[in-house]
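Residue 32 is where the sequence shown starts when you use my numbering, and the numbers rise one by one after that.
Check before you lean on any hint, since a few could be wrong.
In the DMTMM-like style, the derived pairs of lysine to aspartate or glutamate whose C-alpha atoms are separated by at most 25 Å in a straight line are [claimed, not checked]:
#1 145 / 100
#2 145 / 181
#3 203 / 176
#4 203 / 126
#5 276 / 48
#6 276 / 76
#7 203 / 181
#8 276 / 181
#9 276 / 263
#10 203 / 249
#11 145 / 84
#12 203 / 100
#13 276 / 227
#14 145 / 126
#15 145 / 158
#16 276 / 78
#17 276 / 290
#18 203 / 187
FYI, nobody ran anything at the bench for these hints, they're computed from the structure.
Bear in mind that the values here come from a model prediction, so they are computed numbers and not experimental data.
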Amino acid sequence: MADARIKVVTIMNYPPDPRTRQMGYAFLDTAIANGAASVTVLYEDCEPVIAPEHRRAADIDVVRCRSHDVGHPHFNLRFKLANLAALDFPFLYLDADTAVLSPLQPVWDRRHDKPWVGVDHQWVPSDPRTHRSPFLNSGVQLVGDPSFYDLRAILDVQNAAVPLARHAEVPKSVLFPCPGHDQAILFRYFRAIGYDYTHPAVGPEWNSCAGVTEVTRDGNRWVGRTRGLAADHPVHLVHYWSQFKPWAIGCPVYESFADRFRGS
32 MADARIKVVT IMNYPPDPRT RQMGYAFLDT AIANGAASVT VLYEDCEPVI
82 APEHRRAADI DVVRCRSHDV GHPHFNLRFK LANLAALDFP FLYLDADTAV
132 LSPLQPVWDR RHDKPWVGVD HQWVPSDPRT HRSPFLNSGV QLVGDPSFYD
182 LRAILDVQNA AVPLARHAEV PKSVLFPCPG HDQAILFRYF RAIGYDYTHP
232 AVGPEWNSCA GVTEVTRDGN RWVGRTRGLA ADHPVHLVHY WSQFKPWAIG
282 CPVYESFADR FRGS
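Can you make the complete structure from the sequences, with help from the hints?
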């Protein structure tokens, strides 16, 4: 019988900096508190420190992986894309620079609906890179059928569009059809095969930029809501990408773990 537990996968390959360690602590704590029963943490050369309380609360597997030659040196291509595509079990991938505010079960339950589900990038007023037609943000990936995550097929589409091995001679705007690296190649692949990676039940509320999200405390739980967008909405997962790292914006979720982290 298939394992019905929520299986989260993340990547933690940060240098030993207290801020990123605290961010990783907050990620694991919020993910486990919201249903992640099994967590696989991938890393390459900076082994993450896992707190004893997190190991007691969930099955945590820390796995050292290697980079792969995919024709481009960016970490999200040679490591993230290659190693996620190599997994042989259904999983919910979450970037480690996120915090989970709501139960993950509603997302996990959708893994049978489509083989691969992602969320479009938000339009962020302060970031011109996002001021374009919708495109994929790969920080959240629900993979119900790991065989669909076919690295060779993905790279074949990319190489047919542009000679990846000659990336230094190709303008970035041609090499990557949208901002990002692994997400740009995935975006090109899904468009090429005519696949709609979106799901109506897994929208931007599950991958919301911290720069447009306000998080407040309501009793014993965190509540998130976008601010300043054309149509503000509740947020279930906040993403601290780019310039919006939690220490840079004073995120209350991150700050709430300062004392617990120091004692871990």
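Results of checking the hints against the structure:
no.: 1; hint: 145 / 100; result: 29 Å, violated
no.: 2; hint: 145 / 181; result: 15 Å, holds
no.: 3; hint: 203 / 176; result: 31 Å, violated
no.: 4; hint: 203 / 126; result: 24 Å, holds
no.: 5; hint: 276 / 48; result: 13 Å, holds
no.: 6; hint: 276 / 76; result: 22 Å, holds
no.: 7; hint: 203 / 181; result: 24 Å, holds
no.: 8; hint: 276 / 181; result: 31 Å, violated
no.: 9; hint: 276 / 263; result: 21 Å, holds
no.: 10; hint: 203 / 249; result: 44 Å, violated
no.: 11; hint: 145 / 84; result: 34 Å, violated
no.: 12; hint: 203 / 100; result: 19 Å, holds
no.: 13; hint: 276 / 227; result: 30 Å, violated
no.: 14; hint: 145 / 126; result: 21 Å, holds
no.: 15; hint: 145 / 158; result: 31 Å, violated
no.: 16; hint: 276 / 78; result: 21 Å, holds
no.: 17; hint: 276 / 290; result: 19 Å, holds
no.: 18; hint: 203 / 187; result: 18 Å, holds
Hint violations for this structure: numbers 1, 3, 8, 10, 11, 13 and 15, all remaining hints satisfied.
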